[in-house]
Amino acid sequence: MDGPRIEIAGLTKRFGAVTAVEDASFVAEPGRVTGFLGPNGAGKSTTLRALLGLVAPTAGDTFIGGRRYRDVPRPATVVGAQLEPAFHPGRTARDHLRVVAPLAGKDDARCDEALAAVGMTEAANRRVGGFSMGMRQRLGLAMALLGEPAALVLDEPANGLDPAGITWMRGFVRGFAARGGTVLLSSHLLGEVEQTVDDVVVIARGRIRHASSLAELRALAHQATTLRSPDAARLARLAEDWPDAHLAAPTELVVPRAGAEEVGARAFAAGVEVHGLAETGETLEQVFLRLTEDAA
Amino acid sequence: MSAAIRSEIRKILTTRLWWALMLAMVVSVAVLAGSLALATALGGEAAGDELAVPPDQLALTVYSAGVTLGYVFPVAFGAIVVTQEFRHRTIQTAVLAEPRRTRVAIAKLVATVPFALAYGVASSAAALAAGAPALALAGDGAMLDDPATWRTLGLGAVAMAAWMLVGVGFGTLVTNQVAVVVGLIVWTQIVEPLVRIALGYWEAAAPIARFLPGAAGEAVAGASFYSAAGLSDLLPAWAGLAVLLGYGLVAAAIGWRTSFRRDLT
Chain C
2 MDGPRIEIAG LTKRFGAVTA VEDASFVAEP GRVTGFLGPN GAGKSTTLRA LLGLVAPTAG
62 DTFIGGRRYR DVPRPATVVG AQLEPAFHPG RTARDHLRVV APLAGKDDAR CDEALAAVGM
122 TEAANRRVGG FSMGMRQRLG LAMALLGEPA ALVLDEPANG LDPAGITWMR GFVRGFAARG
182 GTVLLSSHLL GEVEQTVDDV VVIARGRIRH ASSLAELRAL AHQATTLRSP DAARLARLAE
242 DWPDAHLAAP TELVVPRAGA EEVGARAFAA GVEVHGLAET GETLEQVFLR LTEDAA
Chain G
15 MSAAIRSEIR KILTTRLWWA LMLAMVVSVA VLAGSLALAT ALGGEAAGDE LAVPPDQLAL
75 TVYSAGVTLG YVFPVAFGAI VVTQEFRHRT IQTAVLAEPR RTRVAIAKLV ATVPFALAYG
135 VASSAAALAA GAPALALAGD GAMLDDPATW RTLGLGAVAM AAWMLVGVGF GTLVTNQVAV
195 VVGLIVWTQI VEPLVRIALG YWEAAAPIAR FLPGAAGEAV AGASFYSAAG LSDLLPAWAG
255 LAVLLGYGLV AAAIGWRTSF RRDLT
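Order-wise, the sequence lines are chains C and G. Residue 2 is where the first sequence starts when you use our numbering, and the numbers rise one by one after that. Residue 15 is where the second sequence starts when you use our numbering, and the numbers rise one by one after that.
Okay, chain C solo, but in the shape it has when bound:
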């Protein structure tokens, strides 16, 4: 599979007086899963919808394999999109695929294949009105896969999935990228996609705050060491003498950007009785929160 490169280039979108996205630029490379992360209302969906030609940009451009979505012939065969589920409740799962099939140049057999790929063969002839959120998400993915695209754009694909479904989705997306496909998926929870993504793009309040590999994002995590002592008086004196350090509790001292060796040595020198010494790092989720809150 030869996935197309997805590029957002200086995208700005205003809805009346509200600026949903401002001058956003990033890329999603083939063979990699790119996580598009941000709090609710950050501009994720608007960016993806602009990429897919559903929303007209106020300024800037978006490209899939160097072309705008509307210039891609038979787009369903190039990029599969799964957005917030939108189905006719009276139409069956299979018929939803059959409606799109002519435009993707596919036959009924391919519709059944796509349903099988998401484990929905059993529910194929049931009306969507009775489907759970998880089933709707799966049907949305089947719709995205129908045209056998080499790129997937997934908006909050984990929403409504149970833990087994999330694990399944993770494996599916990893496999798709491993075969050379491009995956751009959004989420408001970093923890949810931490094991899935190779690259991360963080958006908050319509602006891109960070774009890098997941490893580089991890490197941004601040190290810290926590020291526990029953001797609150000496601990307080140590905290006063050490500008970087602060007391998390009367018996607990936290020193950011310092290792256990350094903190242990200073405690020993100050005659503080040590009951516990632990290196704690900022979690990835905390890094993510810091990046999105810096926007405020």
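What you were told as hints is all true, and nothing was included just to trick you.
Here are the simulated distance ranges between beta carbons: (1) Phe16/C x Trp164/G: 50 to 58 Å; (2) Arg71/C x Arg101/G: 22 to 30 Å; (3) Gly120/C x Arg101/G: 23 to 31 Å; (4) Val192/G x Asp113/C: 34 to 42 Å; (5) Pro74/C x Ala220/G: 50 to 58 Å; (6) Arg71/C x Asp70/G: 54 to 62 Å; (7) Val192/G x Arg15/C: 26 to 34 Å; (8) Gly91/C x Ala143/G: 27 to 35 Å.
If you're looking for bench data, these hints aren't it; they were derived computationally from the structure. Only a predicted model underlies this, so the values are computations on that prediction, with no experimental measurement involved. Think of the CB as a built atom: it goes at the ideal place given N, C-alpha and C, for glycine as much as any other residue.
Following the hints, position chain G against chain C.
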């Protein structure tokens, strides 16, 4: 373009609305045609000859029952074909698969044509099936050897088909399903008849009434309850058809420039 049309036809065939509304239309037109024939024929007899509607006039009124009242079904169906896409937000799926939105709009209009003709034929068949026996039983015959009968039935089918395209046009313009269906029914059933009656009293404005959509629809079939009752004059059939289709196409064109251009968020 043919792929987009096939997609739209599948969209219609894969939900129950098209046959459910058609069934409702057939039953309504049959009941109306049958009861109109019986009531007018029997009522006329009871009232004496001077008040009776002439038999040929009665037959045409009965056979055009679909155009007089049953058009509500194709017009609602046509509107819903478009509005349900916005209601269930499936329009985004359509536009993802065919980003050239003008093609989506045209494909919808074209895909509706066979259904429009089917509704038209079914409506005339229902008027004939219920009206002919009722006329034969109660009145002065079913008038089946009169060419005017078959002309009214055939043109009635054409008028019903045109009404469906009017529905598609207004559904494209006003994408809120409840608003457009209620709006079309209130206009055609309540507002327009009152306007036609009012204009009938005002000589200078009377010709305007012929160009209202309901009057145009009745003109296609060349007969109607209102014109039989002497309430208004009608355009020639071809002009009526042009006026009716004109309403649909103008609404569709405005909708194509407005609702089909909007951001899909």
